[in-house]
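From first to last, the protein sequence lines stand for chains A and W. If you read the first sequence in our numbering, its first letter stands for residue 1, the second for the next number, and so on. If you read the second sequence in our numbering, its first letter stands for residue 1, the second for the next number, and so on.
Since the hints were derived computationally from the structure, they do not count as laboratory data. There may be inaccurate statements among the hints.
To be verified - In silico PhoX-like links for lysine-lysine, alpha-carbon gap of 20 Å or less: (1) W/Lys138 x W/Lys156; (2) A/Lys50 x A/Lys75; (3) A/Lys649 x W/Lys133; (4) A/Lys651 x W/Lys71; (5) W/Lys130 x A/Lys647; (6) W/Lys115 x A/Lys649; (7) W/Lys156 x A/Lys515; (8) A/Lys552 x A/Lys483; (9) A/Lys13 x A/Lys72; (10) A/Lys13 x A/Lys73; (11) A/Lys651 x W/Lys113; (12) A/Lys50 x A/Lys18; (13) A/Lys647 x W/Lys133; (14) A/Lys632 x W/Lys7; (15) A/Lys72 x A/Lys23; (16) A/Lys647 x W/Lys138; (17) A/Lys63 x A/Lys75; (18) A/Lys158 x W/Lys73; (19) A/Lys73 x A/Lys158; (20) W/Lys113 x A/Lys515.
To be verified - For each label pair, taking beta carbons as the anchor points, the in silico distance ranges come out as: (21) A/Leu89 x W/Lys182: 24 to 32 Å; (22) A/Ser569 x W/Lys113: 25 to 33 Å; (23) A/Leu95 x W/His168: 51 to 59 Å; (24) A/Leu95 x W/Asp147: 22 to 30 Å; (25) A/Leu89 x W/Leu149: 38 to 46 Å; (26) W/Met179 x A/Gln639: 55 to 63 Å; (27) W/Asp147 x A/Lys515: 43 to 51 Å; (28) A/Ala169 x W/Leu149: 43 to 51 Å; (29) W/Glu30 x A/Asn631: 24 to 32 Å; (30) A/Pro531 x W/Lys148: 15 to 23 Å.
Yeah, the Cβ is synthetic: ideal placement off N, Cα and C, and Gly gets one too.
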Amino acid sequence: MVEAGEEEVIEFKWGTRKGLGGKKKDVQFYESFTYDGVEYSLFDSVFLYKEGEPEHYIGKILKIWENSDKSKKVKILWYFRPSEILNFLEGSETLENELFLASGEGEGLVNVNPLEAISGKCNIVCISKDIRNPYPSDEEVQMAEFVFYRFFDVGMRKILDKIVVDKIAGIEVKNIFNNLDSQKVVGLVKPDLDNKEVSGNFMASNEVVALSSQKKSQPLIEKPDGKCFDTLVRENAASKSLLGEKPTCSIGVKEASKSANALHTISNKKTVPQAKVEEKRGCKDSLVKQKSFAKLSHGLIAGLEMKEITKMDDGSGKGSIEKNILMSRGDSKRDDRKDVGVPIGQIKKGLEEENASKKGKRGGFGKVSSLKKNNNGQNRRLITYDDDNNDDLKTIAPCSSKEKYKVQRAMDSCDVEELPSKKLKIDKKLAKLTSDKLRKESSMISPNVEHKLDFRPMEVTRRPNDEDRSKWFKEIPWEEKMKTAYEQGRLVLLQNLDPSLSSSEVQNIIWTGFKESCTARMIQKTAYSSPHSGQAFVIFKKSEAAESVVRKLDEGCLLMSNGRPLVASSGVPCFPKKKPIFYGHHVVDQLRMMQMQREIKDVVSTSHCSQPNNIEYDMGIEWCLLQERANKSWRMLYQQQGEELSKLKAKLKSKI
Amino acid sequence: MESSAEKYAAFKQKVSRTVYLDNMSPQVTESVIRTALDQFATVKNVKFIPNYIGPSNQPQCALVELDSAKKAKEILSMIAGYPFMMSGQPRPVRARPAVMEMFDDQPIKPNRKIKIRWLEPSDPDFELAKEVKNLTRKHAAEVEFLDKLLLEDEEKLAKQQEETLKVHYKKFKMIEGIMADKTAHRLARKYNLHVADDWARLD
């Protein structure tokens, strides 16, 4: 009768049977069981609770069995926290959530525990680079509560970076590393708080029941009424029974964090379809836009193909693949924009044919642009007209009387244009043609950019003339460039970049977003740099360009990957002083005076490790203590900032 | 594409055998670092990380490339175990493994595509993006403030240790003085104490 009542409360259920064991063949082994609504299997990682300990123990289930007296046992292979093996770390740094798996032979490797000591499942991922280990994905590593890639040999009291043996405690190594099937299962198991409350009731009610074990070697505590309780034994430490204890606050905290993770996962899934919807909306908006803009963007595509042609001539066999990609892009673009009248013919093979087709394209494009200019009489167009005029003269195109009249009016700007044209003569023919066309396109497009910003996602493309420039001129040191730019007001500090971006990628972003050529330098990370926001200094060619970039980024939002809006401000760099102050190095003044009297040069001690028996060592340790406090402050600040950022970014629905 | 992937792999190898050192005095030069670390490993390259945005009196930082990743680990554990002092004492140097973002010639990650997008003011995410921008600026201000606080702590400890050093110096000076002019000897005779033989021989 009593047992029937317990079964309703306990919610325990055996899983797959494995076989019989023991001397009398009365011990039943299992491969899995369901306890408190959670299914456990062999080689799962679990939390185990012990009264009085501030933290749970963590171990891996190796064996599961039931004795003839219905007592349930598990054999656990232990993980060690870094704090538990502090004396053997030898100064090596550990990750915040790193564990060490026990290996070797000796005390602390494995032992037997009552099954009821298990308090929950634990998601542990092995990030060892061993060939036998299927390496987890980045998402799995982030979702894991703990990670491990090193082992602690309990016999030799030593940390091992690799495991050479095929077995640990008689278990195959493949069961130690990540299991592909179990990874999927772990994600599904999410115990609720209600079940924990039920288990609390179960533990309280179970106080009355006495469980005895056959193994006499285990220490037992006898209470005044003469009943015996099983104990969780680890390294022969005796303690009170677990069964009388209720779940601790830490369990609740972990449950809350798990539920938070679940909510985050759900919110991530919801954002994806909305992003797609917005992309479609962007496509529809683009169709509505003016014909002229469509034609101009079409010109951009032609320019891209020109660049690809240049690459194909230099490149290897992959050029044909890229060509196909380009053609497919061109086709998709055509479907979107039916208004475009200029046809794109296939790029023919052979140099002569390519030259012929290029001439044809340029001529046609020139005609279209000249027609537009006749319509508009703005001053900006005059400069554009001059570029076009130069090209027309080269190709011996017919000139009208109006064009001649305009040429005379814009005589001054022509002189300015001559300088870059001289530079261009030095370059190769292909580069020359490419740069001519791109310059026209960029100058023509810029008026439209000021009127409207393109709200569609843009893929960052490589900046033109990136390599040619460095061949001809020696690079001025960056510090000098930065100083000059700062004095002239051309320096901009960018923030909230992805820290892993490189300087050339920042330049490409600026080119794609603002059509401005610039020089950029990512600020190198130090021990105290923020992991959330990378910074870069950008030098523009004109102060007006720098001002316009800062203003645009202040008023509008340029969104980068992972929902990062770019932040810009005028850069105020810090230049090194001649005699910087440094705290922590002391010299006795009297000794210095004596040295000066003897006319001996100032001597600095050689580099050395200090011995722990003098004043210098004590002072050094004080500096180490201050350093550790500073490290902790920085870590706490960045953790707090990370939480604030992730909360806010979770609301951002559109992600590129 | 293949060449960029190979460059990236070579760069990773370089990062794994590089050590990041900081808390160094401005007097520390490349030759000082080479001399200091030649006790433990062969130094291939030394690069100082310039300070562009921080407070002007930040300690110096450097990236030291060694000949193997194993040597890098050894140096890291050695410097973590004992206070290692360079070009002055008693403030020790600190060592950490290098990270990719610490290098100024970091290559582009292969097969990565970056996309950017302007947000419309009418977009519901526009206000959120503005909030993120303001939060970024606030975080930068917080970092600056914490930097300032920690520098103040360093200054306090330095002053305190300077006082301690002066006291120690005076103490040893006084002891040396009373030993030299035989005051200790006379006091010992007066109190019927036995003076060490070394000093007795000086008579």
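Range hint compliance [Cβ, A/Leu89 to W/Leu149, 38 to 46 Å]: violated, 30 Å
Range agreement (Cβ of W/Lys182 with Cβ of A/Leu89, hint 24 to 32 Å): Cβ of A/Leu89 to Cβ of W/Lys182: about 54 Å, so the range 24 to 32 Å is violated.
Given hint W/Lys156 paired with W/Lys138 - CA-CA distance at most 20 Å: violated, 27 Å
A/Leu95 versus W/His168 beta-carbon gap, inside 51 to 59 Å or not: This hint is violated: roughly 41 Å between Cβ atoms.
Restraint check for A/Lys651 with W/Lys113, where alpha carbons must lie at most 20 Å apart: violated, 24 Å
20 Å limit on alpha-carbon distance, applied to hinted pair W/Lys130 and A/Lys647: holds, 14 Å
Whether the CB-CB distance between A/Ala169 and W/Leu149 falls inside 43 to 51 Å: holds, 50 Å
Pairwise hint evaluation, A/Lys23 against A/Lys72, where the allowed Cα distance is 20 Å at most: holds, 17 Å
Satisfaction of the hinted span 43 to 51 Å by the C-beta atoms belonging to W/Asp147 and A/Lys515: violated, 36 Å
20 Å limit on alpha-carbon distance, applied to hinted pair A/Lys50 and A/Lys75: Judged against 20 Å, a Cα distance of about 16 Å means the pair holds.
Status of the given 25 to 33 Å range, CB of W/Lys113 versus CB of A/Ser569: Holds: the Cβ-Cβ distance is about 28 Å, inside 25 to 33 Å.
Pair hint outcome, A/Lys13 versus A/Lys72 [Cα-Cα no greater than 20 Å]: holds, 12 Å
Of the numbered hints listed earlier, those contradicted by the structure are 1, 4, 7, 8, 11, 12, 14, 19, 21, 23, 25, 27.
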